[in-house]
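4 protein chains.
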Amino acid sequence: MKEVRIGMLGFGRIGRLHATNLTRSVPGAKLVAVADPYLNDDAVAFANSLGVDRCFKDEAEIFNASDIDAVFICSPTGTHPDFICRAAAAGKHIFCEKPIGLTLEEINTALEAVKKAGVKLQLGFVRRFDHNHKKVHDVVASGKLGEAHVIKVCSRDPEEPPEAYVAVSGGIFMDMMIHDFDMARYQAGSEIVEVMAYGTNKINPFFAKYDDVDTAIVMLKFENGAIGVIDNSRAARYGYDQRVEVHCDKGCVQDGNDLIDMSMISTADGVTCEKPTWFFLERYNNAFIAESIDFVRAIIDGTDVPVDGHDGKMAVLIAMAAKKSLDENRPVKVSEVDV
Amino acid sequence: MKEVRIGMLGFGRIGRLHATNLTRSVPGAKLVAVADPYLNDDAVAFANSLGVDRCFKDEAEIFNASDIDAVFICSPTGTHPDFICRAAAAGKHIFCEKPIGLTLEEINTALEAVKKAGVKLQLGFVRRFDHNHKKVHDVVASGKLGEAHVIKVCSRDPEEPPEAYVAVSGGIFMDMMIHDFDMARYQAGSEIVEVMAYGTNKINPFFAKYDDVDTAIVMLKFENGAIGVIDNSRAARYGYDQRVEVHCDKGCVQDGNDLIDMSMISTADGVTCEKPTWFFLERYNNAFIAESIDFVRAIIDGTDVPVDGHDGKMAVLIAMAAKKSLDENRPVKVSEVDV
Amino acid sequence: MKEVRIGMLGFGRIGRLHATNLTRSVPGAKLVAVADPYLNDDAVAFANSLGVDRCFKDEAEIFNASDIDAVFICSPTGTHPDFICRAAAAGKHIFCEKPIGLTLEEINTALEAVKKAGVKLQLGFVRRFDHNHKKVHDVVASGKLGEAHVIKVCSRDPEEPPEAYVAVSGGIFMDMMIHDFDMARYQAGSEIVEVMAYGTNKINPFFAKYDDVDTAIVMLKFENGAIGVIDNSRAARYGYDQRVEVHCDKGCVQDGNDLIDMSMISTADGVTCEKPTWFFLERYNNAFIAESIDFVRAIIDGTDVPVDGHDGKMAVLIAMAAKKSLDENRPVKVSEVDV
Amino acid sequence: MKEVRIGMLGFGRIGRLHATNLTRSVPGAKLVAVADPYLNDDAVAFANSLGVDRCFKDEAEIFNASDIDAVFICSPTGTHPDFICRAAAAGKHIFCEKPIGLTLEEINTALEAVKKAGVKLQLGFVRRFDHNHKKVHDVVASGKLGEAHVIKVCSRDPEEPPEAYVAVSGGIFMDMMIHDFDMARYQAGSEIVEVMAYGTNKINPFFAKYDDVDTAIVMLKFENGAIGVIDNSRAARYGYDQRVEVHCDKGCVQDGNDLIDMSMISTADGVTCEKPTWFFLERYNNAFIAESIDFVRAIIDGTDVPVDGHDGKMAVLIAMAAKKSLDENRPVKVSEVDV
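Protein chains in written order, with numbering that gives the first Met the number 0: chain A, 0 to 338; chain B, 0 to 338; chain C, 0 to 338; chain D, 0 to 338.
If we strip away everything but chain A, and leave its shape as in the complex, we get (with noise of 0.2 Å):
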C-alpha cells in the first residue's frame, strides 16, 4: 500500500485537529471523507478547504465505502466500542482517541473484533510522541540510567471546562488522568499493579456535583518493584502544566514545560520569563502530527501500531482502579477492576 486512505468519525474540534494534520503534514495520509450527526455548513465548508468532498451525517457511510482503508475515531467516547467493532468488521485499520471505551465489556468485545479482523488499532495515546516525554522515555528505555525507581507525572490543565463537560467526561480519573496512567506505564516500561489516591476539591464546586474531584494524586505501583505518583489539577492557572521525573540507579531524567518563547525581562522587581504554553492543541501540536504519521507508516509498512488495544485496556482499568480507591480510601489492586 502506497497511500492509506481515511475516512473521520467525529468531525469536532478534536476530528478537525486531524483531518488537517492528515492533509498538511502525513506522509501518505489521503483523507477521503468524514461523518459526524452533526454536521452542519460549518463542518462541510472545513472539510471542502481540506479537500474533502464526501461529507455525511451517517457514520454508515464510511463503515460501507470499499475505498477507505482506515478511520479516525474522533466523536464521543460512547461511540468509540461500537465504532471500533463496526470498523473492524469492515476490514479497516483504527485510530481511537483515549478513552477506549467507559466498560470493560465493551472494550473486550472491541478488542476481540479487532483481533479477529487482523486489523491494526492505534489508540491516541498522543502524549508518548511528545518530543520532551519521548527524550525521557529515551533515555530510560536506553537502560543507561539502569532500573527505574520511582516514576512522576505532574499533569495540570490551565483551566477547569465547562461544566457540562464536567457532567458527561467520566471523572478526573477516566477523563483527564488517563493519559497520565498511560504516561506512567509508558516511563516505567512495566504494568501498574496498584494505585491509591487522594483528591480534593478546590477549582471550582461543580465538579462535587458529579461526584467528581477537581485537584487529585494517585500513587502507583509497578509489577517491576518501582512506585510512581502522579497528581493532576484542573486548573493550574498559569498554563499547561506537564513534567515527567524518572529516577533511576543513576540519576534522573526530567523535563520541563514548552514555553512561550524564551524571554526573560529582568527589572527592579523581578526576573519574569513566560509561561508554559497554553493547553494540549499548543503543546503537542507536533505530537498529534508524530502519532498519525507513525499509524500510518504502520499500515503502509505492515509493522505494530506504537500504541494498540491493550495500552487502551489498561489505561482505563486504572482510572477504573483509581476511582474506586477514592471512593473506598484504600488502595486497589488494578486486578480488582478487571474481571
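Mixed in with the good hints, there may be bad ones.
Identical chains blur together in the list; that is why a pair holds if it fits in one copy or across any two.
To be verified - Distance condition first, Cα-Cα at most 30 Å in a straight line; then the derived DSSO-like pairs of lysine-lysine:
#	residue 1	residue 2
1	Lys115	Lys29
2	Lys143	Lys208
3	Lys133	Lys114
4	Lys56	Lys115
5	Lys249	Lys134
6	Lys208	Lys249
7	Lys133	Lys249
8	Lys312	Lys133
9	Lys29	Lys1
10	Lys133	Lys29
11	Lys1	Lys133
12	Lys312	Lys114
Source of the hints: derived by calculation from the structure; they are not laboratory data.
Could you slot chains B, C and D onto chain A? The hints should help.
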C-alpha cells in the same frame, strides 16, 4: 540578656557544625562548654580552636553549670527526651536536633517538662531556614496566590548512609522523611491528618534487613482539605535533590536546587550544567546558621522560637503513621498513632 | 483582493521552503508558478506535489504572466536588483530574500523602480518574525523599560558553509551579519550611524583565501546615542546560537535559544540539557511562515509591509561599512559608504 | 612559616571585609593590627570585635612592626604605589586592592621595589576566585574545548555610585572595567594587544561632568588572534550582572549569575524568578575569602601568588588604552600607552 551562654551536648559532626556557627556567625551567642561521652583529643582540640576550653565527658557538667543559659542537644536521638527534661529542670533553654524522640510517651514527658519549666524549646528543622524553601513559604503565606491545593516535596539524598547507621536510624520515615513532613506542614500552614505510604527497595539490599525501605512516596491529607505528596530516595547519585512545589488558586510557587556553580558548557555532545550541591552540609549551610540566629534572638528578645515542641512532636507522629501505613498498606490517620 | 497569486523566482532550498509555506500555511496565498534556470525533474516533481504545474526555466514567464500578483525572489543575490526592477515594471508586488543587492547603485535603481511602480517590496529579514526576538522587540518598543542603552546580538552558525559558498558569499558581513545589522536596527528603533569591526580566522583556513573572516565582532553606534555589539561565528558546533539582549533604563530584556527539547539528565557526571535547535531551518521555521503571512496580508489589506526596501538598503550599507572598518582598522560611519 | 601575621592598611568598607575574612575564614592568617588616618571609635570597636587591639592612625606603625609578615593595602588608590614600596622595603608580603596605581611611572617603581625586595605581591582581582568565572576558566584552560576564539564579558553594576565617588574614580575604565580587562586576560590566557572603545551617557548626567561615560563597550584583540568584547553599565537596576562567555573550537562555556534564591512563581501573569544577587559583596563574598586563602597559603608554602604585579600593571595599561580609544575614536594598541 545580651549574650546567651551555650553548652553543647554531643560533639560529633552536627555538634561541631553548630559549635562553629555559634562561635563565628551567631550574634549574641557564646559557646562556653561541650560535653560528649566519646570526647577524645581531636574533639578537645576542635573545641579549643573555637576558644572553648570546658570540655566534658559527662553531660551533667553542662546541666549543672550555673553560667550556662541554653543547650544544644546534638547527641543521639535516644538521649533527646532525657536531655530535654534535664535541661528544662535546670532552667536552660533548649535547641534540639530532630527527632525530638522515638516514642510518644517520652516526647509527651519532655514537652511537659519544657512547659512546666517555662523554657524555650526549638527543634532543628533546618530546612525551614533555607533561602529557597523559605521563599516558597513566604509566597504561599502571603496569600497572594490564594489557598494551597497541593504541596509536593521532593527530597533525595545523594548516597545511602552506611549499614551501621541504617541499623539504628529508626527507618526512612523517622530519620529522613521527618524533615519533609515538617516541610509539608510548614508550607501548607495546616496539620497533616492522614498519610498513605508506598515504599520499595531499589538502592541497597541492606535496608531490607532492618525492615526499612530506601525509596518511598507518601501522600498527605491536610486538615484544610489540601493534599500533598513527598518522595524520598536514599541515593539520587547526582547530589542532594531538594525541591518544593505548592500549587494554589492562582498558580504555583516552586523552588530549584542550589547548584555547585552556574556554568553551562555547550558542545556538539550536548549542554552540560552543574549538579545540585552535594548534601545537607553544602545545601543547608546558611540555614544552620539562620536557625541558630533565630534561637538566640528569641532568647535575648524573649520572643517565640520559630519551630517549637509541637512541631517536633507532630513530625514524629506523622512518621509513625507513615510507617504503619507502609506496614499495613492502608491510609493511616495521624490521630491513630497519637494515643 | 482576496487571494494573492504568486510566482516563485528561484527554486532552490529557500525557494522550496517558501513554496511549501505559501501552499500549506499562508492564508490568502496561492502559488501558481515557479521559475529557475536550473529547473530539473526533481524540482518539477516538488512543485507538482504542491499543486503547482507551471514550472519554467525562463523567469520571463513569471514577469509576463498577467494572472500573477506577486513574486518571491529566492534566486542568487546577483539577480535581486534586476528581478526587482522587472517585477516592479510588471506591477507585481515583491518579496525579496536578503541582501537586496551587492552595490549601492543597483540597490538605488531597484528602490527607485519599486517607488515608481507603487508596488510593495518586503525584504526577507526573517528573524524579526521569530517569537523570541519579536518578544524582545515588543518589550523594548512598549517603552516600559525606558530608553535602550545597549543592544547585543549574538549570532553563531553551527557549522561553516562549503568553500564554494564562501567564495561567492560576499563575506561574513554581507552574507551573515547582515541579518544581525537588521536585528540591531529593529531592536534599537534607531539607525546605526557608525561601526567598528574586529575579525579573525579561527574556524577554517579557506575563509582567508577569499579575504574573509570566520569570526567577527562589530560595535555599533546608533543615532539616538545607544551603542551595541554583534558577534558572529561561522561554526559554534553546538547548534545555532541566536540571542539578543537589550539593556534599558529600567532593566534588561533578553532571549535564549529554542532547544531541541526541554529534557534534563542528572547523574554523578553532571546535568545535561539539550542543545539549541540545529540551524535556521529549525529555529526560524515558524518565522518564515509568519513573514509570508504578513506579506500576503499587506497586499490583501493594502497596508505597509513590515520590512521594506529602506531596511534592505540600510543593512547592506552597514555591511559595507563593517567590511571597510575591518579592512582599515578604524571606525567607519555608514554615511561614508552611502555615496 | 605556620602563621602569617597581617597588618591592614586602610580600614574602610573593603578593609573591614578583608579583616573579617582573615579573622574568621582564612587558615593560617592572623590579623594583628590596622591603620587608617581616619580611624574613629567605630573602627576601633570593629577591630576589637575581631580580637585586634593594635589600631593606628599612622600607617608607619604597620611598616615598622617587626612582627608583621604581610600587609593588606585597602587604602585609596593614590596611596597604593607608595605603600607597596614601603611594605617591600620593610620586607613584608603585599596584598593590594586594584588598581595597583594610576600612572605608569609609579607602577613601574612599585613593581621594581617588589622585585628587589623579593616579597610577594598579589593584586585583588577577586573575580578570578568566583566559583562561576573560575569554572569557565578551568574548562577553557583544560583545553577540552580547543582554542578560544571569542571572549565576552558582561559586567553591569546595579546602581551608579554617588557623584563624589565618580569625581575621583578615575573613570569607568580604570575604576570598573579594569576588573573585566583582568577577567578577559584570565579567560583568554593571552595578552590583550589592542582595544577599541565606544561609550555613552545614559544613566546619570553627572558622569559627563567628569569626562566619564556610564555605559561602555570595548572590543579586544588578543596576542593569540582571539578577539573579545566587554560591556559595562553603571546601573543595570536588576542587580549585579556578571557573566562570561568563551567560545572555542568545539563549543562554548559560559556562566550565569548567582541568584538571590532558586524560586519560580507561575501565575496567569507570567513566571517570575529571582534577580541576581545585588552587588559585589553578595556575589563575590566567597571569592574575597578564597583570594585571601590563596595569598596566605602562597606565603606559608613559598609558592607563587595567583595574581601578581604584572597582572596589576597590564589591567591599568589596558584601561589607559581604552580611555585613549574612547577619546580619539580609534583602536589603540596597548603598547602605545606602555611608554
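(request) With 30 Å as the alpha-carbon cut-off, assign the pair Lys208 and Lys249 to within, between, both or neither. (result) between (46 Å within a copy, 23 Å between copies)
(request) Measure nothing new, just compare the shortest in-copy and cross-copy C-alpha distances for Lys249 and Lys134 to 30 Å and report within, between, both or neither. (result) both (17 Å within a copy, 24 Å between copies)
(request) Could you figure out if Lys115 and Lys29 sit no more than 30 Å apart (CA to CA) within one copy, between two copies, both or neither? (result) within (26 Å within a copy, 47 Å between copies)
(request) Give the relationship of Lys312 and Lys133 under a CA distance limit of 30 Å: within one copy only, between copies only, both, or neither. (result) within (21 Å within a copy, 44 Å between copies)
(request) Evaluate Lys29 and Lys1 at a C-alpha cut-off of 30 Å and name the case that applies: within, between, both or neither. (result) Result: close both inside a copy and across copies, 10 Å intra and 28 Å inter.
(request) Classify it for me, Lys143 with Lys208: is the Cα-Cα distance of at most 30 Å met within a copy, between copies, both or neither? (result) Intra 48 Å, inter 28 Å, cutoff 30 Å: inter-copy only.
(request) Measure nothing new, just compare the shortest in-copy and cross-copy C-alpha distances for Lys133 and Lys249 to 30 Å and report within, between, both or neither. (result) both (19 Å within a copy, 28 Å between copies)
(request) Using 30 Å as the alpha carbon limit, work out where Lys56 and Lys115 are close: within a copy, between copies, both or neither. (result) within (28 Å within a copy, 56 Å between copies)
(message) One pair to classify: Lys312 and Lys114, alpha carbons no more than 30 Å apart. Within, between, both, or neither?
(response) within (14 Å within a copy, 59 Å between copies)
(message) One pair to classify: Lys1 and Lys133, alpha carbons no more than 30 Å apart. Within, between, both, or neither?
(response) within (28 Å within a copy, 42 Å between copies)
(request) Could you place Lys133 and Lys29 in one of the four classes (within, between, both, neither) given a Cα distance threshold of 30 Å? (result) Answer is within; shortest intra-copy Cα gap is 27 Å, inter-copy 36 Å.
(message) If the cut is 30 Å between Cα atoms, do Lys133 and Lys114 qualify within a copy, between copies, both or neither?
(response) within (28 Å within a copy, 52 Å between copies)
Checked against the numbered hints listed earlier, the structure breaks none of them; every hint is satisfied.
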